[in-house]
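Residue numbers (my numbering), protein chains in the order written: chain R, 135 to 388; chain B, 135 to 388; chain D, 135 to 388; chain H, 135 to 388.
It is possible that some hints are incorrect.
Each pair may be met inside one copy or between any two copies, as identical chains are not told apart.
Unchecked claim - Derived EDC-like pairs (lysine to aspartate or glutamate); straight-line CA-CA distance at most 20 Å:
#: 1; residue 1: Lys355; residue 2: Asp319
#: 2; residue 1: Lys355; residue 2: Asp150
#: 3; residue 1: Lys355; residue 2: Glu277
#: 4; residue 1: Lys355; residue 2: Glu211
#: 5; residue 1: Lys355; residue 2: Asp344
#: 6; residue 1: Lys355; residue 2: Glu274
#: 7; residue 1: Lys355; residue 2: Glu334
#: 8; residue 1: Lys355; residue 2: Glu318
#: 9; residue 1: Lys355; residue 2: Asp201
#: 10; residue 1: Lys355; residue 2: Glu181
#: 11; residue 1: Lys355; residue 2: Asp387
#: 12; residue 1: Lys355; residue 2: Glu195
#: 13; residue 1: Lys355; residue 2: Glu159
These are computed hints drawn from the structure, not numbers from a lab.
Protein chains: 4
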Amino acid sequence: MGPAPTPPVNDVVTADAHYRALVCELCAQLYTSGAATGTGGGMCILEGGRLYVAPSGVPKERIASADVFVVSPAGYEVIVPPATASLSLSACLPLFSLAIERRGAGAVVHSHSVAAVMAGMTAVRPVGEADGGIRGGVTEVFEISHLEMLKGLFWGGRDAAAAGRLSDAGGDGAGGRTGRIGYEDTLVIPVIRNTPFERELVSGMAAAMDAYPDAPAVMVKRHGVYGANECLEFLFDLATRMRGVGMALVGGDQ
Amino acid sequence: MGPAPTPPVNDVVTADAHYRALVCELCAQLYTSGAATGTGGGMCILEGGRLYVAPSGVPKERIASADVFVVSPAGYEVIVPPATASLSLSACLPLFSLAIERRGAGAVVHSHSVAAVMAGMTAVRPVGEADGGIRGGVTEVFEISHLEMLKGLFWGGRDAAAAGRLSDAGGDGAGGRTGRIGYEDTLVIPVIRNTPFERELVSGMAAAMDAYPDAPAVMVKRHGVYGANECLEFLFDLATRMRGVGMALVGGDQ
Amino acid sequence: MGPAPTPPVNDVVTADAHYRALVCELCAQLYTSGAATGTGGGMCILEGGRLYVAPSGVPKERIASADVFVVSPAGYEVIVPPATASLSLSACLPLFSLAIERRGAGAVVHSHSVAAVMAGMTAVRPVGEADGGIRGGVTEVFEISHLEMLKGLFWGGRDAAAAGRLSDAGGDGAGGRTGRIGYEDTLVIPVIRNTPFERELVSGMAAAMDAYPDAPAVMVKRHGVYGANECLEFLFDLATRMRGVGMALVGGDQ
Amino acid sequence: MGPAPTPPVNDVVTADAHYRALVCELCAQLYTSGAATGTGGGMCILEGGRLYVAPSGVPKERIASADVFVVSPAGYEVIVPPATASLSLSACLPLFSLAIERRGAGAVVHSHSVAAVMAGMTAVRPVGEADGGIRGGVTEVFEISHLEMLKGLFWGGRDAAAAGRLSDAGGDGAGGRTGRIGYEDTLVIPVIRNTPFERELVSGMAAAMDAYPDAPAVMVKRHGVYGANECLEFLFDLATRMRGVGMALVGGDQ
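When you get a sec, could you build the whole thing from the sequences and use the hints?
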């Protein structure tokens, strides 16, 4: 969901505790599912005009509620610093912001799963003439159709339908489809090349999102995916297995 | 087990709390085992003339006991609505009902596991003359024999033996075998094609169940399986691996 | 460890609660590790002249402490029945007894893991002249060497060194090696064919154990393994992967 | 981090309870992740001049806090014995010490994971002229580049930057790079052959560490890895899969 007006103080206190705990709980779940092992992966939740962000470079299954950053969505000013002073904000924050601004996302997950990395290497295809040529600098896409799990994903991400009112924030989500992806639809996810530093991904990811407004996520090759959810992870895992036995990912023939 | 007469009120209160909690606990276990990741999968339990059903389209590992629907088995009238008013009944309900009506099922699990989807694509064979030709519109079957885990499955499902007394509900389970499947038996599960909406699966699944009264489950291609249990999931996983190394699924030769 | 003299009453009470809980806890762990999914797998613990046995045909992750059977090691007389009267003793009991009598086992685990079943089908070799021909009716063996995990296994099982004093119970464990298996040693596990009923496995398993006194376990093809532990499960998993990429299991060359 | 001066008594009491609990908690996590199944794997933490070490040959997911050994880093004198008198110190201790002395490690993990063993057999290459020939007796290396997960690893291990002040303890870490490994860097990990007893690994591992001062870990073929962390385990898993589909591990071309 998009940013809401600031709620009264008591609600903030209650919501604050809730969303801090939720960030910790979901990070632990990301760890267990393999999306955030080591110190990789991360997530944020936007609620009540406050952005709750997991700290950077720490084991995601061990975050304390008091160590979740609370920052302003615009400018990332720290509203409430973490209890542990040495912690730093996730380097993914500018990338999370793209999903918030361009797609109206209320929560963004970044996954480092083996499935996402393997799919990015073995289950992608080059962009060609039939795609209208290379757009937004994207030379490869992940593409899959005819799987029930597609129905757990939304065109442009879960909150894209709300993105129209965010157009002043730079989003062009209004140009794409909204609502749930269907069983017979073809999901296309742009794949961008990785860079040594996450901040260097921002312009490429923004271009990819603008060029592929329907995509609920952007894959970063040999790195992971921004805009992950469990349905997408399922599809990455399945696609890797399907390619491993030589099956086509689109068409539903087999 | 089949529907029982309505118990006295006190028992209902106790049983109600128990079965609500059990739905939540089993849904969490389905999530952990990979059968209900994302918002996929689901289950229901029939007890004391009440059907306990997981809500639709929510993460199955996070269902609150108060959010389990209680509906009437016939007509799905909501007896007790969920605490969260925005929740909706599982779209699987008409499919769960087929298992209740035709097989006397007391609980039905729907799995979206990678194993079930992979097995449906890579470990099935076309129906031929030796099968008596195409029956119930089923053109493919999953077939396996000579595995100890078969003994955890029952002809027509665990409760099929009770299905005789349900014949007025439209079931023809009486035509099939009952009891545990044996080590040397050949399990045959019909595979039907998926459709954009779950309601469109009803007639095909009913026809498949009638044509294959011995089958404890029906697979839906590129979607999952209705009538899943852990023994069946094990067989899907194993069958996919066996086919991956070129082994036959029937005969027990290797 | 082998059977000990009956301890004083207070110790029995304390130990009883402990070993009942331990059976439940270890069964849950077997479930989590994949060794006892569905209603498969099982285990028993021999302590203080009492055999603590998981009930049969129930989900192993859900056993209540009060539902663990306590039986006499000889004759399986039920000393304390389970709280739930409808439960039945594990059909594996006569097979567990072989390990107790012939190998002095103090605990026996039966695993149904995918790894054990796959290894039994894809990582075994026929018995030949170099093995001294077919002994005890065993026509295939699982064989592996040069892996550190071997050091977690013992010749004839963990308690085989105590088996000498059990010879009046029919064991001939005295004929084999004892102590930990070494890194450079070759583990050989006999593989017997499965039968429709577990009781039909007894004579074949007894013959295999007598013919292979050094083996800490017996594999049952397309079924699982008796005498499992996590080190052995690791080796089954690894062996299946090694064979999957064409590696030899013995010699340590690669 | 390196050894610190002995802290005041009260701090020791608090820290002692904390680090004992942490060893148990991390060992359980190693078990769950597959790095310490059976009785394999292990770990130690160096804090306040005291070395907290998991006991040897016991299931790592079941260690009691009172059973963690506290020993002196030099000489391994037992400062506080475990509550269970029969427990013995990890045979890995001399190998853990190498990482403490040569790399300033504040904690060392030894993993027995399937991924580490498979990578050591299938994702290594022989050392050649381009490597400057065989150094420290190391004839094979694991080598990988262009993966985001590399950024969770440090040249010479996390604490190598502190190793300069440890040179009187025999370390030559000063000769290598320090800081985080980059996305485009090539990680090279020496692989040594396994031996029947862990004590026999000491000289080979010391030589490998001296010859490869940049390496954050040493792999032991058919055994596991010393200096493991979850990022490294991820790379072993991924590398095994990449080699399984014929991909190069270095260069980032695919």
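Hints and how they fare:
In this assembly of identical chains, lysine 355 and aspartate 319 lie within 20 Å of each other by CA distance solely across copies; the values are 16 Å between and 24 Å within a copy. In the homo-oligomer, the alpha carbons of lysine 355 and aspartate 150 never lie at most 20 Å apart, since the shortest distance is 35 Å inside one protomer and 44 Å across protomers. Proximity of lysine 355 and glutamate 277 under a CA criterion of 20 Å is satisfied in both settings, with 14 Å inside one chain copy and 19 Å between copies. Proximity of lysine 355 to glutamate 211 under the C-alpha cut-off of 20 Å is found in neither arrangement, the shortest distances being 30 Å within a copy and 49 Å between copies.
When the C-alpha separation of lysine 355 and aspartate 344 is checked against a cutoff of 20 Å, the pair qualifies only within one copy, where the shortest distance is 18 Å, while the shortest distance between copies is 34 Å. With identical chains, the CA atoms of lysine 355 and glutamate 274 are at most 20 Å apart within one copy only, with a shortest distance of 10 Å there and 28 Å across copies. In the homo-oligomer, the alpha carbons of lysine 355 and glutamate 334 lie at most 20 Å apart inside one protomer (14 Å), although the nearest pairing across protomers, at 38 Å, exceeds that limit. Taking identical chains as interchangeable, the C-alpha atoms of lysine 355 and glutamate 318 lie at most 20 Å apart only when they sit on different chains, with a minimum of 13 Å there against 26 Å within one chain.
In the homo-oligomer, the alpha carbons of lysine 355 and aspartate 201 never lie at most 20 Å apart, since the shortest distance is 30 Å inside one protomer and 40 Å across protomers. Proximity of lysine 355 to glutamate 181 under the C-alpha cut-off of 20 Å is found in neither arrangement, the shortest distances being 30 Å within a copy and 39 Å between copies. With identical chains, the CA atoms of lysine 355 and aspartate 387 are at most 20 Å apart between copies only, with a shortest distance of 11 Å across copies and 28 Å within one. Taking CA atoms no more than 20 Å apart as the test, lysine 355 paired with glutamate 195 passes in neither setting, with 24 Å inside one copy and 30 Å between copies.
When the C-alpha separation of lysine 355 and glutamate 159 is checked against a cutoff of 20 Å, the pair qualifies neither within a copy, at 27 Å, nor between copies, at 34 Å.
Consistency with the previously given hints fails for numbers 2, 4, 9, 10, 12, 13, ordered from lowest to highest.
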